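Sequence lines, in order, name chains A and B.
When you number the first sequence by the working numbering, it's gap-free, plus one each residue, and the end is 876.
When you number the second sequence by the working numbering, it's gap-free, plus one each residue, and the end is 1113.
Treat the hints as calculated values from the structure; they're not laboratory data.
Quick caveat, the model's predicted, so the values are computed rather than measured.
You can take every hint at face value.
Residues from chain B that face chain A, not an exhaustive set, calculated with beta carbons under 7 Å:
{"#": "1", "residue": "Ser-1026"}
{"#": "2", "residue": "Thr-1042"}
{"#": "3", "residue": "Thr-1043"}
{"#": "4", "residue": "Arg-1073"}
{"#": "5", "residue": "Lys-1075"}
{"#": "6", "residue": "Arg-1076"}
Cβ coordinates follow ideal geometry from the N, Cα and C atoms, glycine included.
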Amino acid sequence: MATSDCKPDTPPQWVDKLLEWLCPPEILEEVLGDLHERYYLRVQKEGVKKARSGYWREVLAYLRPSIFRRKSLQYSYPTITDMLRNYFNIARRNVYRNKAYSLINVLGLALGITGAILIFTLVKYHLSFDTFHTEKDRIYRVTTEFHQEEIAYDQGVPQPIGKALRDDYTFAEKIAMVYSNSDWLVSIPSAEDDKKFKEAVAFAEPEFFDMLDFPLIQGDKNTILTKPNTAIVTERIAEKFFGDQNPIGQMIRVHNKLEFRVTGVLRDLPINTDRRDEIYVSYSNLKDHNEWLAGDSWQGVAGGMHCFMLLKPDVLPSDVDKAFPELSKKYYNERDAEIYQFKLQPISDIHFNPDLGGYIAKKNLWALSLIGLFLIITACVNFINLATAQALRRAKEIGVRKVLGSKRGQLFWQFIAETALITTLALVLAFVIAQSVLPYLNQLLDIQLQINIFQDVYLLIFLLFLLLVVIVLSGSYPGLIMAGFQPVLALKGKLSQKHAGGFSLRRGLVVTQFVISQLLIIGTIVIANQMRYSRQADMGFTKDAIVMLPVPEKEEPTISAFDSEISQLASVEKLTLCSDAPASEGWASVTVRYGSRTEIENFDITVKAGDHQYVPTFNLQLIAGRNLLPSDTVREFLINETAVRRFGKHSPEDVIGKKIQIGLNNSKGTIVGVVKDFHNTSFHEAIAPLCITTSTKWYYNCAVKINPANLPSTLSALETSWKEVFPNHIFEYNFLDEQIARFYEADSMIFRLIQIFASIAIIIGCLGLYGLISFMAAQKTKEVGVRKVLGASLPSILWLFGQEFTRLLILAFVIAAPLAWWVMQNWLENFIYRIEIGVGIFALAIAATFLIAILTVSFQSVRAALANPVDSLRNE
Amino acid sequence: MRRSDLGEFEEVVLLSVAVLTPQAYSVAIAEALEEETGRTVTTGAVHAALQRLEKKGFVNSQMGEATSERGGRRKRLFTVTIAGSRILHEVQAVRNRLWNRIAPSSLPKISFT
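Same shape as in the complex, but just chain A:
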């Protein structure tokens, strides 16, 4: 026989299995019989190989509806789904029967998951910044480090560096210089009614758009910004400026002097980019705007002057960093080459580097994620606690199931299924909550988050993962406990608490929850205190009731006219023309040379320009010498105490009458007075050495001290007078205290977030505590009854409930306090001027936790304690 050498081959086994599963049992025998017989016939006729491939057709021919359709069943054939359906039925009934318990569970989980979803969305939003550029791994920004006594970091670079990098090195495929600044006055000359806007404008080289993915929707990519006096704008700006008209060919005017023709329209910027300029104009026009900015000076760095590089694929950023010292040597003298050091910053780092103007440090995002994890853990802990407390109620069910032959594993999976049901409910609820609170969160944080589950694969994966983790974390322990009940004991009703999982484990879980809540509470209190301190502490100058107005034109006689116009208003108490307020994000920081010393000092001095009213308006305190004289011809300086110290002098009197020369237009003058130190930036930074001098051309602002009574009319009077002097500009005002509060924007964002999530954690904890105490009260009904009959007082019974939680709470505090101290001390390191974490904070934290715990526990325990013992003891 041809097939004698190979073993009589049987058709694939799994096909039989498939058909066994699909075919109604009454025809299975003939079908399989037919298939096998045919197969053997084929083997004999055509060989194994052909028979096998033919077998497929045979099997497929059976897969038709008439085969699947079952006749009315004579017997029920239980399948695997029947038992699953039973599990879900029981689960549904359990959820229904213990409504309060289920509600607490679902709510707790939902809140935790909501927190996790929001945090995930927020973290993902921040991590997505500037990741959409195709070449994102090769795009770098050049930044400057000033190495003096201390290292200072600046995102800006000297203007000529772009050219130098192009000419001297071959690292880069593309280099683009961009000078951007916010609050430019942009007007449209063709519009009939004089339209004026304040917008962010950037002078950019065309290469910028070859590197970064900001696609054009109108205009030619090859010619945009190549010619002088051309501009491109985003869709949004085009719509805002020109309405329905075609933006191409329209003119815009910047700062009332430079005119640009729009030659292209960019697609609207994605929300996740830090490049927020929406108007780009030819870089070659920078010299028309400001000659110093566009000049070839390597000295000094203008904020907003950026240099972006697209490195060649085979060039490592470290190679470029290694070449920078050489570049410094070439363009600076020996001393400055030490000071000016350039570094590459990857574009992915820009959003996260606070030293270089990044919005949020990555460690804050991780801290936030950790809080999210905490929320999930507390929610799971709740679940475990309540589920194990409830376990005894189900002893009978488990006993019966076990007697009927359920195995441990099956029971375990039953409870997992129940957990899955509750968790899924919670997840759906959480999703709804997250969707509905998102607009508020966006408003609170001033961002634009979206939750779109169908477009966001990561979110979907995250949710599924979360579901799985929560189910496993919260379902497995109660499941193990319940599946392990002894059926005999369970049926006799002789199971006691000690069988339902050690009480110590539940205690441990409650302690965990308390630890998390207290960590968050202490964190909230510390941050709140520091924020209050930053806002309210004496900064060394008056910041209340001061309005800052812009001074767009600084030429005489406009400026004198302005001065007299404003000062004649009744509610204006004092006013000063100045570069900026005493505390501001820094205007100029330059080199300084003291007295007859030949070397410049080893530090930079901060310069503020202000007229003779600067000191009285801000109420600065002179501790030596006199104020500046109201003259612009003789240069005079006031310096602060720090500057005195840094000049190496001990007494303020020593410096009076000495000359200094600063690196701003090489101004040279006499020190006429010393002011007491005041905070010149946020509390994140130390007070810098500083000087104040008069100079009309640096007066960008006017600080007006007003009488706070009748504020609205004062403001409108200011507006009227201002507009009279500067009819071609847009009136704006800022309150100084609000401007200063803005220093702490990132901090207050973190504060608001931690507040929200701490509240969620506390609410979840309370829900769990409430559930637990209700259960305890039910368990102890008899005990309370007996005690009352024997004469126990109300307080002693309350103590019965209270002592347990008090002990746990104190234990939690002992764990949480040092941890919180350490974490918050780390956070406070960000501030040079900061609060001390005192005993008061910890006392407040534990008091708050106690109060919350007592409020939660009291209702149930008082009710239990007040119950009539007759009711509880009558039934046995």
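Since the structure of chain A is provided, determine the placement of chain B on it from the hints.
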């Protein structure tokens, strides 16, 4: 609901049952049809047709003996019922009548070589 007409495939299956009785079952019928038509015929198709025929009352079935090639499984044997016999005769009569009415010249000639 119950269609009492006869599809083409059903017709040849029913004829095959008549031919193969008393050993008419899916595999035998499929083999016979393959031999006759030269095309592949799956037992599944035959089985489905037989099910339909049984539902229409043209065949009866009972379980037969088991063989080793079938893995010890029994086969279902089919016989033609009176209704089945009637419908076969009807179909044949219709065909014959139609054949007889064809004029000698109207069918294109084909040669059997």
